[in-house]
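Chain by chain, the residues run as shown.
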Amino acid sequence: MLTKLTHDIATLSRRHWLAATAGLVLGLAAFSNAKAQETIKVGVLHSLSGTMAISETTLKDTILFLIDEQNKKGGVMGKKLEAVVVDPASNWPLFAEKARELITKDKVSVVFGCWTSVSRKSVLPVFKELNSILFYPVQYEGEESERNVFYTGAAPNQQAIPAVDYLMKDEKVKRWVLAGTDYVYPRTTNKILEAYLKSKGVKQEDIMINYTPFGHSDWQTIVADIKKFGSAGKKTAVVSTINGDANVPFYKELGNQGIKATDIPVVAFSVGEEELAGIDTKPLLGHLAAWNYFQSIKSPENEKFIKAWQAYTKNPKRVTNDPMEAHVIGFDMWVKAVEKVKSTDPDKVIDALPGIEAKNLTGGTSKMLPNHHITKPVFIGEIKANGQFDVVWKTPGLVAGDAWSKELEGSKDLIGDWVGKKCGNYNTKTNKCGGQGS
Amino acid sequence: MSANFLDRFRAVLLAILLAACFAVPALAGPFEDAVAKFANDDFSDTDEAIGAVATSGNPLAFPIISALQDGRLSADPDTKQVFVTGADGKIIDAATGAAVDKLPDNAAAVRLNNRLRRAVEAALGGLTLLSPDPAKRIAAAQSVFKSHDENALPVIDGALAKETNKAVKAAFAEARAAILLYKSDATELEKLEAVAVIKARGDQEALALLTGLGSDVPPNVARIAASAIASIQSDLQMWSMVQNAWYGLSLGSVLLLAAIGLAITFGVMGVINMAHGEMVMIGAYTTFVVQEVIRTRYPDLFDYSLLIAVPLAFLVAGAIGVLIERGIIRFLYGRPLETLLATWGLSLVLQQAVRTMFGPTNREVGNPSWMSGAFELGQITITYNRLWILCFTLAVFVILLAMLRYTALGLEMRAVTQNRRMAASMGIATSRVDALTFGLGSGIAGIAGVALSQIDNVSPNLGQSYIIDSFMVVVFGGVGNLWGTLVGAFTLGIANKFLEPVAGAVLGKIAILVLIILFIQKRPRGLFALKGRAVEA
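So the protein sequences, as listed, match chains A and B.
Going by my numbering, the first sequence opens with residue 2, and the numbers climb by one from there.
Going by my numbering, the second sequence opens with residue 4, and the numbers climb by one from there.
None of these hints come from the bench; they were simulated from the model.
Glycine residues also receive a C-beta, built at the ideal position from the N, C-alpha and C atoms.
Label pairs and their computed distance ranges (CB to CB):
#1 Pro339/B - Lys433/A: 55 to 63 Å
#2 Pro339/B - Leu65/A: 42 to 50 Å
#3 Ser47/B - Lys341/A: 44 to 52 Å
#4 Lys337/A - Ala112/B: 38 to 46 Å
The shape of chain A in the complex, shown without the other chains:
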């Protein structure tokens, strides 16, 4: 065993040597080639190590895949695209450093990156100061609209609110558990949901809010509490903003304590195909997730994309998920904007992006709005035994993303408008830019 291991290491390093030399030669060739033929550089700012690597590595691969596809079509404006990948290692301050490095040192024209809200907040000042473009692909809490950022994931009104509407109408849910991980996205989302539920006549005693630390693994008490809360004779549902890793023990405990989706359904905003790949999904049958994309959706675009993606990753079982689709849309929009203004100059591209349309993978056409969010369809899917989702409900058309929530006191008068008003937080009551969010 040990000798085998050392042998492996020896051969590995030899192989690495070869790879490194080959890489160097190729790199030199590419470099001299680059001199001859200029490329457009695209920055990829996703964690490849640390806690978030589980989710973000796939997004890095997605962008590399999209660049590869685009280059096969001849690149953008006749120039090849070149990816610059950095690893911010799930370390929030490092995100800002790496972003600065990408923009100043590597001179990238655009950056695709970030997952957690805290990483996005940490790079914001860098993108503002150096005037570059960030495409952010993950569903988030809203309450933000920045000139340099384009939000291709869902705002709360494109995920959380429709999900609650579905439960209220179709499942006749009267009692609500809002369970989340203790950080900014669940806290803000739950604040919005609480306000929304109250506006629909749900009483305070019918709402239970619960926060747990990152990576929480002992769910016994909380699941028992949910069970107890659900035994008040009214239909109960759990709205889960529990993040990533902690979901697995949460669902396991639900299954073990015998809470079935027919008794208390859980609708999750952060659980997708990728997360389910690590668990036995049979006990989860019927629990719900709300997203703007599911791998199981039948459309010619989606089938083509899944096929190409699985061929590119050489893994016929590789799943696709919602943030990946957001990158697909965002990338397409950026390419169209650059080709429209025939330049990668950030100011020109930023001005060109609102109004650009791109096909999404579910058969519709998404549009970039003046508030830098996009229009998206909303789907509710039920978990199937094979780890995929069965769409049980969808919005009739596309929903426009609200940068500022209409449910919260502090932000209901605010809009983001980078076309007419040139302002991310324009107050429609006072007609002034610079209103306060909450």
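With chain A's structure known, arrange chain B on it following the hints.
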């Protein structure tokens, strides 16, 4: 030639006639109409079909509904034909019961959502009340209890009269009470009796049923129901204390399991080993590899996978532990700060190594059948995986204790930790003992990984989430004392679980940390401080 043609023509004619014979009644009967609705792929049509089929009294109703529940009911959207694939793979036409050779190519499984799944459960409950299997009858009675569907009342009454099994009889009586309580035309007396039966049941579902009662019941019933609710609630309150204590024991056993290896390396040897958590992770990944091999080569052995993984995890983690001690730690004895930094660096190296080898995503480690599910003890639910982990932890603890007490290695370990120079003078190879002790501590961490893989994510970060808790337990319990670790782990577990319902998971954890800091101020050597000269060594 022409005769041949005539024959064929006759055959076709016959086939058409036959099809017509079957098709005409298929279109006429309400049962057949209902079955055809399954093919519409529309949730409300499926809902209607379930209701109509379940109450049709047709012998095919049970196979159809149970096939629907298991995803074995499929429909052809073009011809509106519906098929049941039996558990044995035989296919029949759902409307007629006629055998079919194979499913049409465009037949797709009939989809369900949660609302429909509830309807299916209720329908099945009504259909299996007369099943010969008592367990199935109880399950059926439970689902009727939950759905309190009036249509099931005659069946329940009939079944109740015939029933001889005591447990099933009680379940039927409860189901009957639930129906009567919600039946609008039941008499007041019937409703009062129903409340009494449900009150006797006394669990959360009974509570749900009683609290869900609307305001349109006779005032007497409402009053009695309110007092029943109060009495069930106070009962459940007591049970929730028992439940908290159980959860505390369970959390304590997890803490103990994670910390017990550290109690050896840190407690006995005094090495601040930040890579301890990674040993736990390596144990969990060993379990994953064992299960992968079993899944692909010997699927029958799956239920024994953990038993196989335990010794392997011990050996793998132990061997890596010995390597670490020989390669790094032995050069750093007596320099705690350097040890801390070196082992912390090592933990990052190990994490990234695992990430490169197995990928950043979680790996699926399955629960063997004997570790899945739960049983009811009074009004609390005890999950098998937690129960087994508690037993396993105690077994590991006892074995470790016996090993230190009764084996030669244990004696040498104690000798070296108490007085290194004296032990060396007596001819004990102290550096060999150091390596073995560290290996033992790491190996036990590996075993912990096997157990933790059952309740937590198997990811490269698995160890990180346990390292702080482990140090907390060892320091709180008293460095160098295994009993201290035991008491410390269970105290922290139980305290945490009693605080959690009051303060919430986040605040509860903070409160525990603050309490420990205060405690350490008062007693710097922990609960069970070592006394005597060993302390100074």
